[in-house]
Amino acid sequence: AQSVTQLGSHVSVSEGALVLLRCNYSSSVPPYLFWYVQYPNQGLQLLLKYTTGATLVKGINGFEAEFKKSETSFHLTKPSAHMSDAAEYFCAVSVLGYSTLTFGKGTMLLVSP
Amino acid sequence: DAGVIQSPRHEVTEMGQEVTLRCKPISGHNSLFWYRQTMMRGLELLIYFNNNVPIDDSGMPEDRFSAKMPNASFSTLKIQPSEPRDSAVYFCASSPTSGGLNTGELFFGEGSRLTVL
Numbered sequence: 001a002q003s004v005t006q007l008g009s010h011v012s013v014s015e016g017a018l019v020l021l022r023c024n025y026s027s028s029v030p031p032y033l034f035w036y037v038q039y040p041n042q043g044l045q046l047l048l049k050y051t052t053g054a055t056l057v058k059g060i061n062g063f064e065a066e067f068k069k070s071e072t073s074f075h076l077t078k079p080s081a082h083m084s085d086a087a088e089y090f091c092a093v094s095v096l097g098y099s100t101l102t103f104g105k106g107t108m109l110l111v112s113p
Numbered sequence: 001d002a003g004v005i006q007s008p009r010h011e012v013t014e015m016g017q018e019v020t021l022r023c024k025p026i027s028g029h030n031s032l033f034w035y036r037q038t039m040m041r042g043l044e045l046l047i048y049f050n051n052n053v054p055i056d057d058s059g060m061p062e063d064r065f066s067a068k069m070p071n072a073s074f075s076t077l078k079i080q081p082s083e084p085r086d087s088a089v090y091f092c093a094s095s096p097t098s099g100g101l102n103t104g105e106l107f108f109g110e111g112s113r114l115t116v117l
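Sequence lines, in order, name chains A and V. For the first sequence, the residue numbers in the working numbering are 1 to 113. For the second sequence, the residue numbers in the working numbering are 1 to 117.
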């Protein structure tokens, strides 16, 4: 079975500052890792994903994440926060061939001017 | 392309009433999921279908909940009778396969916000 832990239910940054959202996973087999974003009153949408190959993955809106097997981590970063980045971010893990994603509890990103 | 379509977007009902939520997945996607989201419990997987067949319904909270997928383009989630603790946002999501394997990449609808008074 796999699991995900997101550190911090809320993260606050100033506009223009670095965004770092932390995610650690547990999986007995090589994982597929995902970050999803949820804007208010909307469904989740895929931000980026890691399956195999390059461990640094780039996604939409300037976000990227790095798969670190030794640390079992998949932290999400963005060099410079924008007000429009304010949303809830979910890390998720799955295994190839299996449909079920296991989601973390989410981290709310707050961006102040 | 149309995304996952859910209806209704908002439903307010009284305790004891039947509630039916509907979902049209993205054409060509083989897997369909129903999730429930609340502040207290976050995102919970209720049930998922593969090729219209229910694969895992272990997340369905009680016998009051039932889900069907009569064809590849339609699914329903029914609550009968509804209770106040069922108040939540219910999401439907669909997922494509790649080389016959599920990718784990989900496409979510905008959700149905249910309030049971």
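To be clear, the hints were calculated from the coordinates, so they are not data collected in a lab. We treat Cβ as the ideally placed atom computed from N, Cα and C, and that holds for glycine. There may be inaccurate statements among the hints.
Below, simulated BS3-like cross-link-like pairs (lysine-lysine); rule was C-alpha separation at most 27 Å, straight line [claimed, not checked]:
#1 A:105 <-> A:78
#2 V:68 <-> V:78
#3 A:105 <-> V:78
#4 V:24 <-> V:78
#5 A:78 <-> A:58
#6 A:49 <-> V:78
FRET-style restraints, in silico, Cβ to Cβ [unchecked claim]:
#7 V:66 <-> A:112: 41 to 47 Å
#8 V:64 <-> A:39: 26 to 32 Å
#9 A:62 <-> V:66: 38 to 44 Å
Hints, one by one, checked against the model:
{"no.": "1", "hint": "A:105 <-> A:78", "verdict": "holds (20 Å)"}
{"no.": "2", "hint": "V:68 <-> V:78", "verdict": "holds (9 Å)"}
{"no.": "3", "hint": "A:105 <-> V:78", "verdict": "holds (25 Å)"}
{"no.": "4", "hint": "V:24 <-> V:78", "verdict": "holds (15 Å)"}
{"no.": "5", "hint": "A:78 <-> A:58", "verdict": "holds (10 Å)"}
{"no.": "6", "hint": "A:49 <-> V:78", "verdict": "violated (32 Å)"}
{"no.": "7", "hint": "V:66 <-> A:112: 41 to 47 Å", "verdict": "holds (45 Å)"}
{"no.": "8", "hint": "V:64 <-> A:39: 26 to 32 Å", "verdict": "holds (31 Å)"}
{"no.": "9", "hint": "A:62 <-> V:66: 38 to 44 Å", "verdict": "holds (43 Å)"}
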